[in-house]
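Protein chains in written order, with the numbering used here: chain A, 203 to 822; chain B, 37 to 443.
Since the hints were derived computationally from the structure, they do not count as laboratory data.
Some clues are possibly wrong.
To be verified - Cut-off 27 Å, straight-line C-alpha distance, at most; resulting in silico cross-link-like pairs (BS3-like, lysine-lysine):
hint : chain 1 : residue 1 : chain 2 : residue 2
1    : B       : K255      : B       : K324
2    : A       : K458      : A       : K318
3    : A       : K422      : B       : K324
4    : A       : K332      : B       : K324
5    : A       : K422      : A       : K387
6    : A       : K616      : A       : K458
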Amino acid sequence: MRSRPALSGNDRRERGWVLLGIGLLVFLILIGRLFFLQVVTSGRSRELAERNWLRPEFVPGPRGRILDRNGVVLAEMTPSFAINIDPQYEPFHKNRELMHQTVERLARLVDQDPAKFEEQIVRERKTTYKPVRLVRNADSLMVARVAEHMISLPGVSVMVEPVRRYPADTLAAHVLGYVGEVGEKDLETLTERGYHTGSLIGKTGIELQYEDLLRGEDGKRYVEVNALGRRSEAFNRREPVPTRPGRDLELTLDAKVQRATESALDAASYEGPEPAPEIRGAAILMDVWTGEILAMASRPGFDDNVFSSSLNQEEWNALMTEGRPLLNRAIQSAYPPGSTLKPITEYGALAAGVIRPGQYQAPCFGGQRFGNRVFHCWKHEGHGSLDDLGALAQSCDVYFYQLAPALGVDGIAKVARQFGLAEKTGIDLPQERNGLIPSSAYYDERYGKRQWSPGLALNLIIGQGEIQVTPIQLLRATAMIATGGREVTPRLLREVGPEERQHRYPEPKLGAITEDVKLNAKALERVRLGMRIAVESGTGKSARVHGIPVAGKTGTAENPGYDHALFAAYAPADHPRVAAVVLLENRGHGGTVAAPVARRIFDAFFGVPDSLVVQTVDSD
Amino acid sequence: MRGRALRNVDWTLVGCVAFLMGLGLILVYSASQVPALPGRSQLFNRQVMWMIMGTFVLLVCTVVPYRVWEEYAHVLYVISIFLLLLVPVLGAERLGAKRWIALGGFQFQPSEVAKFATMLLVARMLAQPRLDIRRLSVLLPVLAVAFLPFVLILAEPDLGTSLSIPASLVTMIYWIGMPLLAIILIVAPLVSMILAVKLWLWIPFLIALGAGLYFLRLKRSLLIGVLLVNAAAGAVTPIVWNTLKPYQQQRVLTFLDPEEDVAGAGYQVIQSRIAIGSGGLAGRGFLKGTQKGLAFLPQQHTDFVFSVLGEEWGFLGCLAALTAFAILVARGVRLAMKARSRFASLLVVGICSSLVFHVAVNVSMTLGLAPVTGIPLPFLSYGGTFLLATMAQMGLLFNVSIRRTEV
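Bound-form chain A, shown alone (with noise of 0.2 Å):
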């Protein structure tokens, strides 16, 4: 054969480049392609990836404790037993009947309703890989009779997971709140902020106020699911979000003085007819000067432990109505305030100069008329001549009507105004009330103009009628009597524990705001002697307490129940300290009722060992 190229020259070359320019067109387009997958769009892909083996699992961050001024644990989280079931135990995925069997005779032992807890499985593995929670605090018994069985329970585990625990149970109840897992309409608005289901938040009191300092930050474990949808070891990169704890909180309460409180509150007496009902009211304790409250009682009391486990709706609708447990009287009831009004009025009276220190009225003689009507004071055989020391010491009744026309009814809610009462205090808890003052501007909205009575005044002189205050706000009442003038806000927070995670929470303001009311200090000074005489040999005998001077105010409040028993205290008299408020529904005069709580409350605060009780006989 002779040597020559197989085809002619020209036609090759030309040919051979339509075949190179093919060819690389084809390379082209794929690189184009690879381009726009791998450098324009990767990222969509890259989360794509992430979706199908990532499942991020929350490792929940302790929550903080909450702490009495000396230290004493009020609110902790512990470790408690929790049942779990795995739905994506190995025998299950090949034999669904187990599962089932399973359910059955675990339920059986823990004495609940396997249906229930099939239908909680089938729920909650729509939003999880986690085995499936079903007993929350198991108790001991029913951890020991599961584990006993633990070879017929197949995919059943008992695991340790942090509860929220209160160790004094029912102690402070009401200030500390309880926590529950956030609900699932809430979780809409707070998933951004860091909730998912089943994450604990506070739900009243302080664990309510103070949830973003007490919660922990969740961490996050990533887990890693292979084509097949089971674990997988083997990627572990993704690092885990450590956890971070919550705060601890430690509050002005002081927990002995606490504790004596509410037993005082639990002892108090009752002087209507048989049988007598449950206590229902509150006894709160603040120092005077800053605002601390040193204790705060709410009766009737529940457990705050019993939100850790699971309520059935039975119990939660005992919670919600029967005698409203959860209700903090001290914040969030207001009540008239009957004679523990009088201190009040009395000073008006003083500082506006319808009476004079030292100045006596017509005397009592159990009554006053009115137009055409009689007020009775509360001692029917009348009290005689007194000044404005004795008016508060025996609280005359008749006395007080006899200012009334010249304070007349927005003369009395001027004063009463300007010691706060009915507007909030703004103490630290959540859902505080606000009470209502009537002046003559209501009366013209509810009855029609000029429709009303000025008698209403007379009423309203001695705290009777439409006014409604709180507890709270009689307390800082009390102590701007006893202080001068000092308008604190009254809190409960006293420091916040050491920050162990980033600062992502504005820090409370600590300190009570406090505001320096200008009052009349001669007109105060009659109405603080006048207080004193009260517990030294007035109504208030009962609150005396051995080696202290105390200052305070008896009340009785009439209301469409049998009446309410209320008493306004500083102590020690000479140099305040502290103030006390107690209240008691229903249950009688302030005098035998209410004092003897505040005296015992006092007793417990300047560590006196038990001050000799003064029955008294007659009270208002």
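Please build the complex by placing chain B on the supplied structure of chain A, with the hints as guidance.
The following block gives chain B in isolation, referenced to the frame of chain A:
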């Protein structure tokens, strides 16, 4: 002689082949490290063994002068046809198809041998001096030689592999002198048949074809004739469609719209695209691909090995691999232009077109640009027979390269 041979070695070609072989080992190793699929771990060792055998085959094909291959092309062809006929009888069934014959301890695919042998025989037939490919008496025997293995492989069924035969054939016919226009006229009706499955793809194709031919100044009567033939071919499609197996129908449909069937056939394409896309510019790193490692990628060691490359080595890795292929092809075409022997020149064109076809179809498939046809990627996919066939072709490429001045 030996000295001259060594001097003539095209080291660029050798470098590309060595690079792709190394990359293949890396990828198969990575694809064998899947905890969810523990049975995979043996793949790498076996691929190393295949690579060693492949290198041996490459050397044999390089050393034995191509004229010997030309001379015995028909023998090899007959043997390969015989083996293909054995497949339905002795073949091992996998995934509803019989493609493998067990021979001693290992299995091999006669279709790969047949592809190779057909290429050799066609090259030999077309290498006749003063041959006019435009004459039917010349073209028909060549078509017949190619058609027999094509049909046999198609019947296995193995659509992807069978299509590589016409792909090489068309290029070789073009290379020996068939006008481009004639080839377009022959190929267009075939494309029409495929695209006619979906009207929204077919109609634009017909319009593009008409416009293209119009600009090539084709006579109007001929143009209308061509369009009518294409229309007729498309009309046949529904009939052919019904003869396809359901999984084949599904593959075509999935290609046309992968999102339509996310859980089924579309799953492979979507997961592959996610894997490649998530690789980004520089990749997720060796052995760190999650799509691969957690078994979301289908067929990751064989047909979808390119997705592993995309996921773990990123755009840069893919670019490197495609560049190596492109250099290989470009050097091949240059060699075909220079080779003095018609047979050698034709053979090189056939080899290069087969290589481009495999790379294009396989990579397009992993990128969602082509239907899932089950075509492996040369050098990179796991698989013995295919690797040996590829290495044999590379050997012949080297062979021609060394002896390019011979007739």
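How the hints compare with the structure:
1. B:K255 with B:K324: 59 Å, violated
2. A:K458 with A:K318: Violated, because 43 Å separates the two Cα atoms, which is more than 27 Å.
3. A:K422 with B:K324: 22 Å, holds
4. A:K332 with B:K324: This hinted pair holds, its Cα atoms lying about 25 Å apart.
5. A:K422 with A:K387: Holds. K422 (chain A) to K387 (chain A) sits at ~23 Å (cutoff 27 Å).
6. A:K616 with A:K458: 38 Å, violated
Hints 1, 2 and 6 from the earlier list are contradicted by this structure; the remaining hints agree with it.
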